[in-house]
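Chains as they are written, first to last, in my numbering: chain W, 1 to 547; chain D, 1001 to 1306; chain V, 2001 to 2306.
FYI, nobody ran anything at the bench for these hints, they're computed from the structure.
Treat the hints loosely; a few may be bogus.
[As the list claims (entries may be wrong)] From chain V, some residues computed to sit far from chain D (all C-beta separations above 10 Å):
hint	residue
1	Met2001
2	Glu2053
3	Gly2055
4	Arg2058
5	Ser2171
6	Glu2203
[Claimed, not checked] Beta-carbon label-pair distances, calculated as ranges:
hint	chain 1	residue 1	chain 2	residue 2	range
7	V	Ala2283	W	Asp189	26 to 32 Å
8	W	Arg156	V	Pro2096	44 to 50 Å
9	W	Leu269	V	Ala2127	43 to 49 Å
10	D	Val1049	V	Arg2217	31 to 37 Å
11	V	Pro2115	W	Leu269	55 to 61 Å
12	W	Phe308	V	Ala2283	49 to 55 Å
13	W	Tyr500	V	Pro2096	56 to 62 Å
14	W	Glu96	V	Gly2069	51 to 57 Å
15	V	Ala2283	D	Ala1209	37 to 43 Å
16	W	Asp304	D	Leu1058	35 to 41 Å
17	V	Ala2048	W	Glu103	27 to 33 Å
18	W	Ala546	D	Leu1058	50 to 56 Å
[Unchecked claim] If the Cβ cut is set under 8 Å, some of the chain D residues that face chain W in the computed set are:
hint	residue
19	Gln1065
20	Gly1066
21	Ile1068
22	Arg1071
23	Pro1074
24	Pro1075
25	Ile1091
26	Arg1210
27	Pro1218
28	Pro1252
29	Leu1266
30	Val1268
31	Ser1269
Backbone N, C-alpha and C fix where the C-beta goes; we use that ideal spot for every residue, glycine too.
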Amino acid sequence: MKVRYLTQTIRNARVQALSAISAMVFTLGLILPSGATPAMAQTDKLVLALTPPSGQSTRFWSTPPSWLFDPSLESLVEQDPVTGEYTGNGLATSWEHNKDFTEWTFKLRKGVQFHYGFGEFTAADVVHSYALHTGPDSTVPGVAQLRGGKAEALDRYTVRFTYDKPRVRLLFMHAARALMKIYSKAQFDKEGLKGYDRRFAGTGHFRFVSLEPTAIRYERVDNHYSGIVPDFREMEMRFVAENATKLAMLLAGEAHITELPRELVVDALKAGMKTAQSAKPTMQTDIVFNGLYCESKDPNCRRDLPWFDVRIREAINRSLNRQEMLEVLFPGGGASLAARHSMVRGNEGYDPMLVERFEAEYGYDLEKAKQLMWHAGYPDSFKDPTITLIMTAIPGQPEIPLQMEMVHQYLTKVGFKVKFKEVDHAGVGALGRARKLYALNPLRNAPPRPTEIAFRAFYSNPGGPYQGWEDDWTSARIKEMVNSVDMKERDQIARRLFNYLYEQYVDIPLFEVFTQIPYNPKVVSGWQFPGATTSGYSHFHLIKAAK
Amino acid sequence: MSSDEQKSVAPIEPGSERPPEPQPSSGRRRARWRNYPVVSIFILVALLVFPAITADWLAPHDPLQGSIPDRREPPVFFGGTWEYPLGTDRIGRDILSRIIHGAKVSLSISLIGIFFGGVLGTLLGLLAGYFRGWLDAVVMRLVDISLALPTILLALVLAVSVGPSFQTVIIVVVFVLWAFYARQVRGEVLSIRERDFVARARVAGNSHARIIVRHILPNVANTIIVLATLQVGSVIILEAALSFLGVGIPKPTPAWGLMVADGRQLIVSAWWISLFPGLAITLTVLALNLFGDWVRDRLDPKLTQV
Amino acid sequence: MRRFLAIRIAQSLLAMLAISVIAFGMTHLSGSPVDSMLPEDAGPEEAAQLTRELGLDRPIHVQYFKFLGRVMTGNMGDSIMSPGASALGVVMDRMPATLLLGGFAIIVSTIIAIPIGVLTAVYRDTAFDAAGKIIALLGQAAPPFWLGIVLIWVFGVTLDWFPTSGRGGFSHFVLPAIAMGWFQVAALMRITRSSMLEVLDSEYIKLARVKGVPEWRIIWVHALRNAAIAPLTYFGVIAGIILTGSVVIETVFVWPGAGQLAVEAIRARDFPVVQAVVLTFAAVFILANLLVDTLYAYVDPRIRYR
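Based on the sequences and whatever the hints tell you, model everything.
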């Protein structure tokens, strides 16, 4: 080998040159370490380990929906931490709408100060924020609901939104989903978007300090208008993708609150941690018989799909042992059966009869399932009897892959031919928007949407990518409902729709789930949040320190 | 980059390169230890080859269908039963059975991937080294590019574009491996083609194809075999890394890497879910590497970079 | 020397150009960023509008030439997922962390591999040889993500010696550097070992022995100094392994580097960032190899004429 020749040729100087370079690399490594300091005063700084957001920017309207800015940027309408009701305790103190829901007027709180000295919050900031959030680069969820209107300042503390079509559920946009964050117009005028990028000013209980590759930092505001001062002076949200690492951080005391799949919540509890639970269910989870694009004359309708047959849809529903799934997926509790997807108590069209009938008509019954399959002629009378299950990871619901594996097991057991299709979350959206998502697709409805918005998203054409059921009757009813401002009539239509969808077995309703978030009781004593946001948690200022 | 240049630095002088065989100093045991990696071969047969061949009747349970009430059952000496000697996973599948069937999956990925990667790489390496000129330049630049591209990222992109599957894993494996063969083989061919017997064959009127197949290929065969042996382990590890990123062998196929990735969160409460497949990987790869080292010492001691 | 450098640099640039084409093509195969940006209830009009907004409705070749034009001027476009930031800027913010961890990993692997390599060569074919090999090979035999998680649990939680994750002072480097560096140990050890074997066998060492130089000096000073050249050439290859490994290790250890960024960007179909990461990684790899080759040509002049 070459080494042999080298022994003769190499002079010491050259070897030394090489060693010097290695030494440089070494010292570089020793000198440069910087960044987060591991030592922290336990009661002063709160660290949350949370799933990374998929984008990093301080522009809420064009960053995928996330909890990233919740501590600092507020929405117009505040929600009660216990009941989840819309209250006048936030930036808007009261609101009213005209009879046909096309004009909404908000009265704003006086004397609210933006952080970093950007002055008082006024109607101009709302108009400015509305423009930001409805612009062409906006990607906020349901932006279509927000768009199509006009925002004007009637006076310094009154703002009015005018739409040409009824917007019955406008408050949902301004509160629960926190679609529109209030940014400072004064800051924008002075510094432009770059100013937001550097350090945006909000009105919340915490002011923004910095956004780093794996963390966002806040510090508390001592004079928030609500009179509440957070217990922790600093708050750091660290972005941690790996669940095992999150749990390790929690147990090692490096993070004080973290979100974990329920299986690991149990592990955390065993290790002496406690959990905070949302006041209300944060999401509904179900599986959609996707791809039934069957309004008349729709070329995308595939009648040869096994689940085009309602008997197969029922058989699949009856093959699942939901009780067992609950135990496996949510071992710590905090979840219950949901009878009808997007039907939530208190929402329009809620029908308690469907809940009562659920066990008898959807319940676990292998004999019934096999019978239905036989009647439908499964598998012989289907061109392709394969049931395709989407295997995907949905941000915010880490239990999905296990849930789909269980479904796979149940369906195989009764004799279905089952196949997984692995697609990532974005890929599912792409297939859906191309109207080619012919598969059973897990869906996360978080927070549970108001009936009208759920119908539009999931059962109307054109709707969102997760279209399960489309037919002429359903579409006509949804149109009626959307255009109606008579609350009684709307409720009736919604109820008929829920009943129809229920009887057609258009999806596989699964669970209503509360958000459970483990915390270290040595540092945190509790956290009250309603469970009204997409991530489930909010009201970070209510995280209480342990004594 | 072009370690190919480095490879061809020292002209390979047959015969003179091999480090002298040390004299067996004392005792039969020691000589045997060196001559046959008994333990490695045993582990490989017991863990990889035998289960892979006999999986269907060796495995006590169905590797795909579990019994959910029996989920997260610990291994037999940790409170479990002989029904599931290594415990069960999160939906009640027998881990032992999945490991046994997993041997089949891991072995087939490795063999198929290495076969295609080896054939492609060897072919290009032979042609490049033999004909030199523009072909050589093109092949070596392709090698440069292939080595410089971050493979895991390409695998991720590939998996999100066409969806992860057995085939995409194979494609990634082939993509990673071919350049090693091409570079190595080309380097050796460069020196072999200068040797007398090649010139004689040429003078005797043999075609290029015949010279490559009959005279040159046999001379690089050892290198290829050594590379292939040492790479089986890398492929198994690569499969695991892909599974970790969610772009490996799709569920519910029992692949070792997938099993480790799947159970990694439960490392505290249900450690057996990831530990046993992890051990299977570690032992197998360890044995493969030791075995590979032995093969290399026997066949091609000058080959150091794998 | 100048000619050698010129050729190598030209080759490198050529490779980078080819990689830019591949990076562009691959990312565009993987779908549209629109789908990861829009929430579940966004309809087709919103998708169409966003597509227009991002310029993704234009023909693919138009997009490529725009892309190439930008790349030539060092501008990779703006990140899609992080509006307001340039793609290259986002990557460059993260690269120091990746390189620093990579540097540490190389140090760790060197610290383990060189002594083992030397000792296994000196005590060839003894039990020590076997044990050393196994220690070295273990790092290559366990899937790095699993090794990482086990390290976190054992040394971060149970023993509480090191922080579990994140970037900070020296102690934060230890676990990820071990998880990343151990993987290289086996290869480095092999090279050291075989090159030591050869050096120990050389006339020059025999001469030193005759002169009565103490044995430890012969091994650790005279022999190692010359044997160390061979592993140095391997650092070019290691650069590639480290960059690839960063994707997995950074995710496990919440390391704010470019590897983790790459995974996020691919999931989000953030084309400009994915392209920037691929090109940056390739550039680092190519540069590292250029450096190694140049150094090598410097110490071994014969290489320049090949």
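Here is how each hint holds up against the structure:
1. Met2001: Holds, because the least Cβ-Cβ distance between V:Met2001 and chain D comes to about 14 Å, which exceeds 10 Å.
2. Glu2053: holds, 22 Å
3. Gly2055: V:Gly2055 is indeed farther than 10 Å from all Cβ atoms of chain D, at 20 Å.
4. Arg2058: holds, 20 Å
5. Ser2171: The assertion about V:Ser2171 holds, with a minimum of 22 Å to chain D.
6. Glu2203: holds, 13 Å
7. V:Ala2283 / W:Asp189: 26 to 32 Å: violated, 41 Å
8. W:Arg156 / V:Pro2096: 44 to 50 Å: At roughly 48 Å between Cβ atoms, V:Pro2096 and W:Arg156 fall inside 44 to 50 Å, so the hint holds.
9. W:Leu269 / V:Ala2127: 43 to 49 Å: For W:Leu269 and V:Ala2127 the Cβ distance comes to about 47 Å; the hint holds.
10. D:Val1049 / V:Arg2217: 31 to 37 Å: violated, 47 Å
11. V:Pro2115 / W:Leu269: 55 to 61 Å: Given range 55 to 61 Å: violated, Cβ gap about 45 Å.
12. W:Phe308 / V:Ala2283: 49 to 55 Å: holds, 52 Å
13. W:Tyr500 / V:Pro2096: 56 to 62 Å: holds, 59 Å
14. W:Glu96 / V:Gly2069: 51 to 57 Å: Since W:Glu96 and V:Gly2069 have Cβ atoms about 54 Å apart, the given range 51 to 57 Å holds.
15. V:Ala2283 / D:Ala1209: 37 to 43 Å: The hint (37 to 43 Å, Cβ to Cβ) holds, given that V:Ala2283 and D:Ala1209 are roughly 40 Å apart.
16. W:Asp304 / D:Leu1058: 35 to 41 Å: holds, 40 Å
17. V:Ala2048 / W:Glu103: 27 to 33 Å: Holds: the Cβ-Cβ distance is about 29 Å, inside 27 to 33 Å.
18. W:Ala546 / D:Leu1058: 50 to 56 Å: Given range 50 to 56 Å: holds, Cβ gap about 54 Å.
19. Gln1065: holds, 6 Å
20. Gly1066: With Cβ-Cβ at 6 Å, under 8 Å, it holds.
21. Ile1068: holds, 6 Å
22. Arg1071: OK, holds: D:Arg1071 within 8 Å of chain W, min 7 Å.
23. Pro1074: Check failed: Cβ of D:Pro1074 comes no nearer than 15 Å to chain W, outside 8 Å.
24. Pro1075: Hint violated; D:Pro1075 Cβ to chain W Cβ min 18 Å, cut 8 Å.
25. Ile1091: Holds: closest Cβ of chain W sits about 6 Å from D:Ile1091, inside 8 Å.
26. Arg1210: violated, 32 Å
27. Pro1218: Nearest chain W Cβ about 23 Å off; hint violated.
28. Pro1252: With a closest approach of 6 Å, the D:Pro1252 hint holds.
29. Leu1266: With a closest approach of 7 Å, the D:Leu1266 hint holds.
30. Val1268: Holds - the Cβ of D:Val1268 comes within 8 Å of chain W, reaching about 5 Å at its closest.
31. Ser1269: For D:Ser1269, the interface hint holds, since the closest Cβ of chain W sits about 5 Å away, which is under 8 Å.
When the structure is compared with the earlier hints, violations turn up for hints 7, 10, 11, 23, 24, 26, 27 and for no others.
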